[in-house]
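Visitor: Please put together the full structure from these sequences, using the hints given.
For the protein sequence lines, the chains are A and C, in the order given.
For the first sequence, the numbering used here begins at 759 and goes up steadily by one.
For the second sequence, the numbering used here begins at 759 and goes up steadily by one.
Among the hints, erroneous ones may be present.
Copies of the same chain look alike in the list, so a pair counts if it fits in one copy or across any two.
[Said to hold, decoys possible] Here are the computed lysine-lysine pairs in the DSBU-like style, where the Cα-Cα straight-line distance is at most 35 Å:
hint, residue 1, residue 2
1, Lys1086, Lys853
2, Lys809, Lys1035
3, Lys1027, Lys775
4, Lys761, Lys1095
5, Lys1095, Lys859
6, Lys1061, Lys937
7, Lys775, Lys826
8, Lys802, Lys883
9, Lys1027, Lys937
10, Lys1088, Lys982
11, Lys941, Lys1061
12, Lys1069, Lys1088
13, Lys919, Lys1088
14, Lys1061, Lys890
15, Lys982, Lys1027
16, Lys937, Lys1086
17, Lys1061, Lys865
18, Lys955, Lys865
19, Lys919, Lys982
20, Lys923, Lys1061
21, Lys982, Lys941
22, Lys1095, Lys1069
23, Lys1027, Lys865
Note that these hints are calculated values from the structure, not bench results.
In case you want the letters, here they are:
There are 2 protein chains.
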Amino acid sequence: MEKLDNDLFLRTLQGQKTERKPVWLMRQAGRILPEYRAIRENLKDFIELVKTPERAAEVTIQPVDILKVDAAIIFSDILVIPEAMGLPYEMQEKKGPNFPKTIQTEKDIQNLRIAQADDLDYVLKAIEVTKKELKNRVPLIGFAGAPWTIFAYMIEGSGSKTFSKAKAFLYQNPALSEKLLEKITQSTINYLKGQIKAGANTVQIFDSWAGILSPTQYHHFSLKYIRYICEAITEVPVIVFAKGAFFARQELGNLPCTAIGLDWTMDIKESRNLIGKEKILQGNLDPCALYASDEVLVAETKKMLDDFGDKHIVNLGHGVYPDIQPEKVKLFIETVKNYRQK
Amino acid sequence: MEKLDNDLFLRTLQGQKTERKPVWLMRQAGRILPEYRAIRENLKDFIELVKTPERAAEVTIQPVDILKVDAAIIFSDILVIPEAMGLPYEMQEKKGPNFPKTIQTEKDIQNLRIAQADDLDYVLKAIEVTKKELKNRVPLIGFAGAPWTIFAYMIEGSGSKTFSKAKAFLYQNPALSEKLLEKITQSTINYLKGQIKAGANTVQIFDSWAGILSPTQYHHFSLKYIRYICEAITEVPVIVFAKGAFFARQELGNLPCTAIGLDWTMDIKESRNLIGKEKILQGNLDPCALYASDEVLVAETKKMLDDFGDKHIVNLGHGVYPDIQPEKVKLFIETVKNYRQK
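Guide: Written as structure tokens, this is what we have:
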């Protein structure tokens, strides 16, 4: 087993008492750093960056060097899975992802293949390069989208406020929906196992569109498949972040995973009560608090740190927004590092 | 006092036991009806329709004639308030509202006037025409946006997934934010009182962007101003619909209003427990259930009716989506009308 210079993040996931709380940010790789944009500008588009392991590794490590986070997360995209299954997408500047072809029929689902780890060798290679270049400084997080969130894009074809086409598909074709969700789930398990073999020390499952399902649909069409993934991934700790799934906190607490991410609308103490004492919690500062004055940002951060108590990995309640000043992120991270639990 | 042919909606709001539950749909006027689109096509744009009382009255009454709902809601827009305060907007086809100028500074806020009911005479006139042409068949609902939601558009300038500019303003300028929220609140009270004088039998406050605030910010920057409105409007029952504000249900239950709307992510029994026994609850079928087969739609509707029990006004958990078939809406309404509480 590798020895890491800073294993605070992994020790916290193991349930150990630590000298301070570990901190990282969702979307820390990319977006806010000028150093990221310098690399990005020399490439055709976002997808080319995702598919160029040396560059992906470079932007993965930038926040470790510049922001001093306690964990790196591989620079990639949740939508590499549909592509590996046979449904390619393009990333439109300022508009987000777009699938020229979407899933509409049983035949479309039959035509999809179950992705193997090898189909995503560019991500695995990026993880290998990152691990080598990180030189054991901090752990590396791998990730994938939750099956429901991937399903939502494959049916809808793009981002949406309501994902009403994807939700309509669930209502109209529950049996077909399950078939597609199973294929995505199996692909995701293969992919995450590949990431772990390549060196990921932890994996996080992002259910970005959890919050638009009714509690009943969430139970049947999302949580069930997240559970399959958690059951299959026994090699490393699994973190589940289901944005907006306030109504499922109790059920999330029963998943065979190590940690649960909270978004900023979820009251911390209520969430701890619902999720139970065992799980590590991750989150959940309002990403907009990073627009505040230094004084307010420090106060909001400390309040959050107090409210969580122990078994806590510090993060925002959502990915960091593109126009946040890196100096504010640094202040947030320093505040966490200087904090001692009362 | 006028005598209505069908006063089921008002008797339910008065807490009376009724022979069946009343039903209406948010966004029932417009969007889904071909009869609406026929009228809309002959006008320049959405805003012209809002500003033409005879036409606005006509589309307000259409769902009473065609869908047989138990209440009409005046066809208008929440953004008439910024316009009446001196901040005009345009409605871009498929893109939504856009404000050419937004609020950024203290001076911008000072330059805004407090709207008087007269500034919105075209809405009041539409209410008067509607009341006359409704011929006492069903009650008429007036409405306004909650101050936070109006504030969000005035700062952000358009719709947004995160409303990060508006939220940044709250963090950076809390005192200025309060000044703007107070001006919006006073304008909204004047406006709602005008609507009631013109004939609205009930008013609903829509806090469409409640769910993107942290619980603390929601308490300070939204709920407080909704409370002022509820305290000021004593003439008719007030319904508060705060979409996504699951974290504030207990506090919403303490507002001096008559009814609380629930969105489809909120568990019905849990919401009743949090809100308390006194309030009438409104909602909350997943709008996407109207894409389902007749059989599934009827089953989902009946399940919701069972779960609410009494003190319930039936509605969706959000505005009806534009591509829903009117036949599905009719089936939903018939299912409610044929239902008898166990």
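Visitor: So which hints don't hold here, by number, going up?
Guide: 2, 5, 14, 23
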